[in-house]
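Enquirer: Each chain is listed here by its residues.
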Amino acid sequence: MLRRRFFGAIPVIIGISFLVFLLMHIAPGDPISLLLGDDATQAEIERTRREWGLDKPILVQYGEFLSRAIRGDFGKSMKFGEPVTKLVFERLPATIELALASLFVAVLISIPIGVYSAIKHDSLLDHAGMALALVGVSLPNFWLGIMLIYFLGGQLNLLPVAGRIEYGIQVETITRLYLVDSLITGNFPAFWSAIKHLFMPAVTLGTSLAAIVTRITRSSVLEVMRQDYITTARAKGLSERVVIWRHTLRNAMITIITILGLQLGALLNGSVITETVFSYPGIGDLLIQAISLRDYKLAQGLIFFFAMMYFVVNLLVDLLYMVVDPRIKI
Amino acid sequence: MPSLRYLKIWVGGGIVVLLLICGLGAPFLAPFNPQEQRLEDRLRPPSWSAQERGPYLLGTDNLGRDIMSRIIYGSRISLLIGASTVILAGVVGCFLGAISGYFGNLTDEIITKTTEIFLAFPFLLMAIALMAFLGQGLVNLILALMITRWVQYCRVVRGEVLSLKERDFVTAARALGGRDFYVLLRHVVPNTVPSVTVIATFAMAIVIIAEASLSFLGLGVPAHIPTWGSMLSEGRSYMYRAPWLTIFPGLAIFITVFGINLLGDGLRDILDPKLRGQR
Numbered sequence: 086m087l088r089r090r091f092f093g094a095i096p097v098i099i100g101i102s103f104l105v106f107l108l109m110h111i112a113p114g115d116p117i118s119l120l121l122g123d124d125a126t127q128a129e130i131e132r133t134r135r136e137w138g139l140d141k142p143i144l145v146q147y148g149e150f151l152s153r154a155i156r157g158d159f160g161k162s163m164k165f166g167e168p169v170t171k172l173v174f175e176r177l178p179a180t181i182e183l184a185l186a187s188l189f190v191a192v193l194i195s196i197p198i199g200v201y202s203a204i205k206h207d208s209l210l211d212h213a214g215m216a217l218a219l220v221g222v223s224l225p226n227f228w229l230g231i232m233l234i235y236f237l238g239g240q241l242n243l244l245p246v247a248g249r250i251e252y253g254i255q256v257e258t259i260t261r262l263y264l265v266d267s268l269i270t271g272n273f274p275a276f277w278s279a280i281k282h283l284f285m286p287a288v289t290l291g292t293s294l295a296a297i298v299t300r301i302t303r304s305s306v307l308e309v310m311r312q313d314y315i316t317t318a319r320a321k322g323l324s325e326r327v328v329i330w331r332h333t334l335r336n337a338m339i340t341i342i343t344i345l346g347l348q349l350g351a352l353l354n355g356s357v358i359t360e361t362v363f364s365y366p367g368i369g370d371l372l373i374q375a376i377s378l379r380d381y382k383l384a385q386g387l388i389f390f391f392a393m394m395y396f397v398v399n400l401l402v403d404l405l406y407m408v409v410d411p412r413i414k415i
Numbered sequence: 031m032p033s034l035r036y037l038k039i040w041v042g043g044g045i046v047v048l049l050l051i052c053g054l055g056a057p058f059l060a061p062f063n064p065q066e067q068r069l070e071d072r073l074r075p076p077s078w079s080a081q082e083r084g085p086y087l088l089g090t091d092n093l094g095r096d097i098m099s100r101i102i103y104g105s106r107i108s109l110l111i112g113a114s115t116v117i118l119a120g121v122v123g124c125f126l127g128a129i130s131g132y133f134g135n136l137t138d139e140i141i142t143k144t145t146e147i148f149l150a151f152p153f154l155l156m157a158i159a160l161m162a163f164l165g166q167g168l169v170n171l172i173l174a175l176m177i178t179r180w181v182q183y184c185r186v187v188r189g190e191v192l193s194l195k196e197r198d199f200v201t202a203a204r205a206l207g208g209r210d211f212y213v214l215l216r217h218v219v220p221n222t223v224p225s226v227t228v229i230a231t232f233a234m235a236i237v238i239i240a241e242a243s244l245s246f247l248g249l250g251v252p253a254h255i256p257t258w259g260s261m262l263s264e265g266r267s268y269m270y271r272a273p274w275l276t277i278f279p280g281l282a283i284f285i286t287v288f289g290i291n292l293l294g295d296g297l298r299d300i301l302d303p304k305l306r307g308q309r
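From first to last, the protein sequence lines are chains A and B. Under our numbering, read the first sequence as residues 86 to 415, first letter to last. Under our numbering, read the second sequence as residues 31 to 309, first letter to last.
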């Protein structure tokens, strides 16, 4: 089954690559002329076009793009002059760190509120919890980010408003995740600085996810609580805490993990905006830079990379089901 | 709890009606021309603040333009883009979902694979990519958002049609000699309306945030058209000096999206109890 799932993904991946490739060719105007500006001569434009392989027939270009992409080669950035893959891997750890921190924030907020709302179903607290979730899902994350910068960064001067770590603090790179690296090397000033820099972006990105997961947690827990085995667990005389946290939540986790997995895409969406608001040096920020610099090669590579990452994460979520619920075979 | 359900619809619906009134009646409601620059009045605080007694209820921006008027006019863009995207994406998605579910076989295979490809892209990212390559513009923005939003309708309608086509009333319609498209459009599709209405409401909220996000990134409608997202983006540079430039457009987005989500929640409880608690 797993093999079928894996091979079934091939046409989807080819489709993704074709769509990404098409993007560059639907652009009105010539990307080379846009890149070189108005002062470029026709000879310069033709030479650059040949250099980038854009003079070849479109299907040949697509074939070359696909064969290179399979080998992990997305070409060179037109503006930075470096391989796209290198630029992506330099920035990727920052985005992964932000996504994981946001996930942590979301789980920390949503699971207790969701479970509590389900236990106190239809009470005032339940309605307050759900109203809070509705507020969270309706907050545009870039506005929340700006407001946090204004209040926590500007008015109260509690937290840094941009970047990943304080200027001048060095972190020995092992995994390139600053929190992990600084902990491994026992560099606590760096750890503290990285936490402070990560706090506002993670809250910004985690809030809307928390809102969605709160609602899902509540409904899944409610559904599980109505099952016969929960009545049996109570009849056995187990404490309410054991019934809720061990029997109910464990069974409700399948739905919660599914939603968390599906929402990782939303985190990638959000990372583009959040990284821009906080000038956080991840791949989302790099994508916006690539777009504003009209670096189509880099933008194309990044979009393909984002799509692949999303696709792989969804596949991993499916695998995770088997760990959470051994009855599931995929 | 029926009373709460109706409360959601009343409050959410009230906010949506207010948005409609603002959008449609903008020329009559806005106290100033949203484009008119009064440089002598630039960065004036809201008229109710301690240090100000001017005519600008929500203050002015760095070019002396009235924030209140720009927010009122901005609601037009949110409404226009939200409604057109939801309708266009709905028509395309429902049509493809219906034929995919009803006819099955190769049609279903092709449409399902296509939806999988589109679902492989985080939607806002795809909209960003499309806008980056298509360029700024109202039509491009609607097109980009439509291309990214039809899939949800398609998936839900396909699922519904798959179950509906096995029901007795569909078999009866076929047995009476109804042609495929007639049965599909007359008997099957109308039964998907409750689910589609709920999806459309939530989609409207998502599209409004997406439009604001794209405008915030400078990838939305051209800069001279006032939108809530572009107002926020411009206001960021003056955040500490003039916080009202970022607070009020953000509040407008939040209240609108909150109202639409509230309405969607209420509608879902009434129209589609199966979906309750899901998003």
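I should point out that these hints are in silico values taken from the structure, not numbers from a laboratory. Hints may contain errors.
Unchecked claim - Among chain B residues calculated to face chain A with C-beta under 8 Å, some are: (1) L54; (2) P57; (3) R72; (4) L73; (5) L110; (6) E146; (7) A150; (8) L155; (9) A162; (10) L168; (11) F211; (12) L215; (13) F246; (14) T276; (15) V287; (16) F288.
Remember, predicted model here, so these are calculated numbers, not experimental data. Backbone N, C-alpha and C define an ideal beta-carbon position, used for all residues, glycine too.
Enquirer: Now, for every hint given, state plainly whether the structure supports it.
Expert: Hint check:
no., hint, result
1, L54, "23 Å, violated"
2, P57, "27 Å, violated"
3, R72, "20 Å, violated"
4, L73, "16 Å, violated"
5, L110, "18 Å, violated"
6, E146, "5 Å, holds"
7, A150, "5 Å, holds"
8, L155, "5 Å, holds"
9, A162, "4 Å, holds"
10, L168, "15 Å, violated"
11, F211, "28 Å, violated"
12, L215, "29 Å, violated"
13, F246, "5 Å, holds"
14, T276, "5 Å, holds"
15, V287, "4 Å, holds"
16, F288, "4 Å, holds"
Violated hints, listed in ascending order, are 1, 2, 3, 4, 5, 10, 11, 12; each of the other numbered hints is respected by the structure.
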